[in-house]
Amino acid sequence: KNQVEQSPQSLIILEGKNCTLQCNYTVSPFSNLRWYKQDTGRGPVSLTIMTFSENTKSNGRYTATLDADTKQSSLHITASQLSDSASYICVVSADFGNEKLTFGTGTRLTIIP
Amino acid sequence: DAGVIQSPRHEVTEMGQEVTLRCKPISGHNSLFWYRQTMMRGLELLIYFNNNVPIDDSGMPEDRFSAKMPNASFSTLKIQPSEPRDSAVYFCASRVGYGYTFGSGTRLTVV
Chain H
13 KNQVEQSPQS
23 LIILEGKNCT
33 LQCNYTVSPF
43 SNLRWYKQDT
53 GRGPVSLTIM
63 TFSENTKSNG
73 RYTATLDADT
83 KQSSLHITAS
93 QLSDSASYIC
103 VVSADFGNEK
113 LTFGTGTRLT
123 IIP
Chain B
6 DAGVIQSPRH
16 EVTEMGQEVT
26 LRCKPISGHN
36 SLFWYRQTMM
46 RGLELLIYFN
56 NNVPIDDSGM
66 PEDRFSAKMP
76 NASFSTLKIQ
86 PSEPRDSAVY
96 FCASRVGYGY
106 TFGSGTRLTV
116 V
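Same order as they appear, the protein sequences are chains H and B.
Residues 13 to 125, numbered by our numbering, are exactly what the first sequence covers, in order.
Residues 6 to 116, numbered by our numbering, are exactly what the second sequence covers, in order.
These are calculated hints, taken from the structure and not from any lab test.
Please note that the accuracy of each hint is not assured.
The list that follows gives simulated cross-link-like pairs (lysine-lysine, DSS-like), each with its CA atoms no further than 30 Å apart [unchecked claim]: (1) H:Lys-83 / H:Lys-29; (2) H:Lys-69 / H:Lys-112; (3) B:Lys-29 / B:Lys-73; (4) B:Lys-83 / H:Lys-13; (5) H:Lys-112 / H:Lys-29; (6) B:Lys-73 / H:Lys-112; (7) H:Lys-29 / B:Lys-73; (8) H:Lys-83 / H:Lys-69; (9) H:Lys-13 / H:Lys-69; (10) H:Lys-112 / H:Lys-13; (11) H:Lys-83 / H:Lys-112; (12) H:Lys-83 / B:Lys-29; (13) B:Lys-83 / B:Lys-29; (14) H:Lys-69 / H:Lys-29; (15) H:Lys-112 / B:Lys-83.
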């Protein structure tokens, strides 16, 4: 069964600090891995997307890594800001001819001043 | 570009009533998805359409749920009759290539 597990479930850090969120998956056949940011009351917004051959991808202060051998990904946030408070969702796509997404349940990140 | 537009933003209804959620995808996106999000289960795919044709409805929980896409610019998700366990946030998303865009969702409360 395709699964995506994220850790930690929630995280609280001080503004300006860095943090790393983890994602482990068992999805086959692997197509790509995405990180989404979901603000409260809003829909998810894409941060990064990585295919099998990509190890790292950055989007401003967000840097995602992918290890396709161990089926692990991380999202690193540098110099956190209050606006980074949100849920971060790891999504893995399997390719069955038609793309099928498997969602993690997310990490709830809270930045405190 | 106004993005994916969903209506209503909030819906409160009594058990047994019919509920219709609406979605306008981004122009030019040829795939449309309906998702349900709960605290316990996260985001779950209900159904998706390619070029207005339903491709995979295996996530639709039961016959009380139905979805239509009469044209490229409009889709509906209907629940009839609604039950308290249907309370969730329902998201519509549209896609072109690898890029998904989600709407802001409809928060449904069935009392």
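We went through each hint and held it up to the structure:
1. H:Lys-83 / H:Lys-29: holds (27 Å)
2. H:Lys-69 / H:Lys-112: holds (22 Å)
3. B:Lys-29 / B:Lys-73: Roughly 12 Å separates the two Cα atoms, so the pair holds.
4. B:Lys-83 / H:Lys-13: holds (29 Å)
5. H:Lys-112 / H:Lys-29: violated (35 Å)
6. B:Lys-73 / H:Lys-112: holds (20 Å)
7. H:Lys-29 / B:Lys-73: violated (47 Å)
8. H:Lys-83 / H:Lys-69: holds (16 Å)
9. H:Lys-13 / H:Lys-69: holds (27 Å)
10. H:Lys-112 / H:Lys-13: Satisfied, since the Cα-Cα distance of roughly 13 Å is no more than 30 Å.
11. H:Lys-83 / H:Lys-112: Roughly 17 Å separates the two Cα atoms, so the pair holds.
12. H:Lys-83 / B:Lys-29: Violated - the C-alpha atoms of Lys-29 (chain B) and Lys-83 (chain H) are around 36 Å apart, more than 30 Å.
13. B:Lys-83 / B:Lys-29: holds (15 Å)
14. H:Lys-69 / H:Lys-29: Holds, at about 20 Å.
15. H:Lys-112 / B:Lys-83: holds (23 Å)
The structure is inconsistent with the numbered hints 5, 7 and 12, although it conforms to all the rest.
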